[in-house]
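Engineer: What follows is the residue order along each chain.
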Amino acid sequence: MQKTSILVVGNGMVGHKFIDNMLAQSKIDQFDLMTFSEESRLAYDRVQLSAYFSGKTAEDLALTDESYYQQHGVKFLLSDKVTDIDCDGHLVMTASGQQVRYDKLVLATGSYPFVPPIPGGDAEHCLVYRTIDDLEAITESSCHSDKGVVIGGGLLGLEAANALKNLGLETHVVEFAPRLMAVQLDEGGANLLRHQIEDLGVSVHTEKATTEIVAGSQSRYRLNFADGSHLETDMIVFSAGIRPQDELARQCGITVGERGGIVINDTCQTSDEDIYAIGECALWQGRIFGLVAPGYAMAAAAASHICGESQQFTGADMSTKLKLLGLDVASIGDAHGQTPGAQSYTFHDEVAQVYKRLIVNEAGDRVLGAVLVGDVDAYGQLLQMMLNDMPLPDHPSALILPNVDGEASQGVGVEALPESAQLCSCFDVTKGDIVAAVADGATDMAAIKSCTKASTGCGGCSALVKQVMDCELAALGHEVDNSLCEHFAYTRPELADIVRIKKIKTFDELLASHGKGLGCEVCKPTIGSILASFWNDYVLEEPHIGLQDTNDVYLGNMQKDGTYSVVPRIAGGEVTPDKLIVLGEVAKDFDLYTKITGGQRIDLFGAQLHELPQIWRRLVDAGFETGHAYGKSVRTVKSCVGDSWCRYGVNDSLGFAINIENRYKGLRSPHKLKFAVSGCTRECAEAQSKDVGIIATENGWNLYVGGNGGMRPRHADLFASDLDDQTLIQYVDRFLMFYIRSAERLQRTSVWLENLPGGLDYLKEVVIDDKLGLAAELESEMAHCIAQYQCEWKTTLESPEKLKRFQHFINSELGDDGLAFSREREQRVPREKPQAEQIKIVELVD
Amino acid sequence: MSNWIDVCHRNDVVAGTGVCALVDNEQVAIFRCRSTDELYAVSNYDPIGQANVLSRGIMGCVAGQVVVASPLYKQHFCLDTGSCLQLPQYKLKTYPVRYAGEQIQLLSAA
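One line per chain: the protein sequences are B and Z, in this order. Quick note on my numbering: the first sequence kicks off at 4 and runs consecutively. Quick note on my numbering: the second sequence kicks off at -11 and runs consecutively.
None of these hints come from the bench; they were simulated from the model. Hints should not be assumed to be uniformly reliable.
Capping the alpha-carbon separation at 25 Å, the derived lysine-lysine pairs in DSS-like fashion look like this [what the hints assert, rightly or not]:
1) Z:K79 / B:K505
2) B:K805 / B:K508
3) B:K168 / Z:K79
4) B:K6 / B:K107
Some chain B residues judged to face chain Z by a derived CB distance under 7 Å, without partners named [what the hints assert, rightly or not]:
5) G522
6) K527
7) E544
8) P546
9) M561
10) F812
11) I813
12) S815
13) E816
14) A823
Just so you know, these numbers come straight off a predicted model, no measurement behind them. Heads up, the beta-carbon is just placed ideally off N, CA and C, and yes, glycines get one too.
With the sequences and hints as input, model every part of the structure.
Structural biologist: What follows is the structure in structure tokens.
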């Protein structure tokens, strides 16, 4: 059978979404898909574009990649623009001269930034803010500028202003209207936003119509305004709105709106039934939708129609919530109260800089809209109440009033939401989807995110999704039992608080006061680790030794045959030839299998218990320390060679890595901790896959947190930029101690961060802004831990009593006669065990 | 004919932990309970991980039974009966063990 050929013009967010929707269709094998992009890269997340300036790369923003398309048989043509459509012949022509036939054509050409026709506006350093290429041009221009102006004080304009500010420019925003974000905000909200933005050092000029751009006297240019005033600047970014990219449709006679936009019906078809238009280029019932969620809804409708199904586009809500220059702003529905009879409630706290206005209908029983600035917690609830036409509670003002008594916010609970309520508009996840995920066993946010994708786009819905999840868990009778084990009816963070606040020093003491029974292999190592994190006593001391996993007891990693591996610390991966020779000699003398680890050190395998002290005696004498490879503790700080050798290095990454490794070595934590330091943005140390990643910049260090390799890789989040050594260490001290206090057992920083209420922003508030007033405490706890550091092998070697444990038998000098070895590639390895029964052992192993 | 033989001093077994003793060419894991001081002795061989390691496991209790958790793959073995709680087809050999004054003794066939 001949396949239906579908061409998609434009590979932006919506064009890509359409392809994804098609790939998810059961009839996909009846279609051939091909897409064109005039940009040089496949679809990326334009919503997060500003993140490009805070360290995200083009790859981070990518929504797909070439291999994904290849794997699914989607053809694509990059850097080539479709220039013409022959509707009768069902052909498209590209700039490079290609002709491609189609059965169905989907126009997802998006929009272009509107540049007002101002004389002089087409000069150099007059730019727009739309694509990654635009951002690169802005970055380049900023290197030759001191001052920058954004023309346009709307949502995108303020994002552009943030970008200029982050690039170090003196930043101005020029707006034609009397207030900022005139579409979304009312006067009160806009005023507050303006004050806050000005406090951040961005100048705002409203009611200014730029008439011409001429040469400046102090700066490169001078903007002349209609009221006779002027402003000088070195560069300009236009962000005065968008216009639908409808040129192709115009050329081939497809109906477009009077003021632009390709006219579509509810199935997203244009006036030519074989041609669809979706996203910002499309005009539905006289409206252009300049947000991504409606574009996604159109993509779904078009895909559904092409596959003979019935989903339609029925309009979309334009409510929005975002962070602008670090300020929370949200606008819902009829934010201006233009509905006849609309009434409003307003709450304005000038001290805390919060503005909220709730607009209700004439009868006072339904939400029409809202404006929230400074505190947008109510967004999810108000939006749901409006979208689902839910009745207002008795005192609607309570919906926007702060909770002075700390009680949970009043209003309508998530139970009242219908199953069809869309919680996540980025991925179209409904309450019903979350309910189903919980019923299928998802019990935390990380699981919800991975199976529904909810909250993985803009993240705006995370609070609401969590509420629904918690509510469902409770409804299903999931006694959310977070007890550590049958001996302690507390979570790990609770036990950490108890140990810290009550200054409990031993497991026995804690068991007597807060537990029962004898303990087990879950609670003993967990509490042993908590005690070590706060008091950092020698782990083999009598009251602690029975708590430790066998790895910690014998200060080595037990291998499958019961022998141990030996891993001395090689901070930053730097090792002298002499020390390397010692390692080689020891390995040779004890016939140890030798391998380089991923953490830039050397692992010697196959040491028997009685050999460990002999091996370590030689290593300690040669100046080595224990590497704590056996502990749930700080492991390594991986590093590149840095600016002492590298032609590209901008800072001494290796020296800094060694300092950091020595600072935090041996720190015990809920799970292992891995660090890395890279000397430049080439990132050879792979710091963005570590719990703590540090990357040198021209102005200091960028700090990343929450990265992970391993089973579930996670890209680290940029936490703070351009830090000096001292501030960075201060932040890392606080970050680590806050993690140690609050993480669950065996929870890596990546998962901890994903489950932390408030997420990265909250973590920044705690660590950087000291919102909880804990910073000094966290730092002093870290200082105590560091002061208490000892090399556990050195201490052990000095104690004949402790050394007695390092023999296989308590009553014989013999070794374990059960060990058997063979040789593989010239090294000794355990002889293969007889084929064991297939046993499912995975569940028991952490 | 069998005899109780000394294997170690009671202080050689830190309460709440285990040691391994060699008796009649068999490896025996001896544990001493931290709350009752009671002694337990089972085979040191972990039949699931197939290595002589059980004396190095963590001692504790699960649902009222005193157990050791294998240091390799964490299955629980009941120290009274030797049974594996997760995989009942596995059962450790158990041994008589006692205090004799300050000494800990196992029974030897020799």
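Engineer: For each hint, tell me whether it holds in the structure or not.
Structural biologist: Do the hints match the structure? See the list:
Our distance criterion of 25 Å between C-alpha atoms is broken by K79 (chain Z) and K505 (chain B), whose separation comes to about 42 Å. Simply put, K805 (chain B) and K508 (chain B) have alpha-carbon atoms about 21 Å apart, close enough for the 25 Å limit, and the pair holds. As the CA atoms of K168 (chain B) and K79 (chain Z) are separated by approximately 69 Å, the hinted pair breaks the 25 Å bound. For the suggested pair K6 (chain B) and K107 (chain B), the alpha carbons sit about 11 Å apart, so the restraint of at most 25 Å is met.
Evaluation of the G522 (chain B) hint against chain Z yields a held restraint, the C-beta minimum of about 5 Å falling below 7 Å. Because the smallest distance between the Cβ of K527 (chain B) and any Cβ of chain Z comes to about 6 Å, under 7 Å, the interface hint for this residue holds. With a least beta-carbon distance of about 10 Å to chain Z, the hint placing E544 (chain B) at the interface is violated under the 7 Å criterion. At its closest, the beta carbon of P546 (chain B) sits 9 Å from a beta carbon of chain Z; the interface hint therefore is violated under the 7 Å criterion.
A least Cβ separation of about 6 Å between M561 (chain B) and chain Z falls short of the 7 Å threshold, and the interface hint therefore holds. Hint on F812 (chain B) holds. Least Cβ distance to chain Z is approximately 5 Å, under the 7 Å limit. The closest approach between the C-beta of I813 (chain B) and any C-beta of chain Z is roughly 4 Å, which is under the 7 Å cut-off, so the hint is satisfied. Taking 7 Å as the C-beta cut-off, the interface hint given for S815 (chain B) holds, the closest approach to chain Z being about 5 Å.
Violation of the interface hint for E816 (chain B) is found here, the shortest Cβ-Cβ separation to chain Z being roughly 10 Å, above the 7 Å cut-off. Proximity of A823 (chain B) to chain Z is violated relative to the hint, the smallest CB-CB distance being about 11 Å (cut-off 7 Å).
Violated hints, in rising order: 1, 3, 7, 8, 13 and 14; the structure is consistent with all others.
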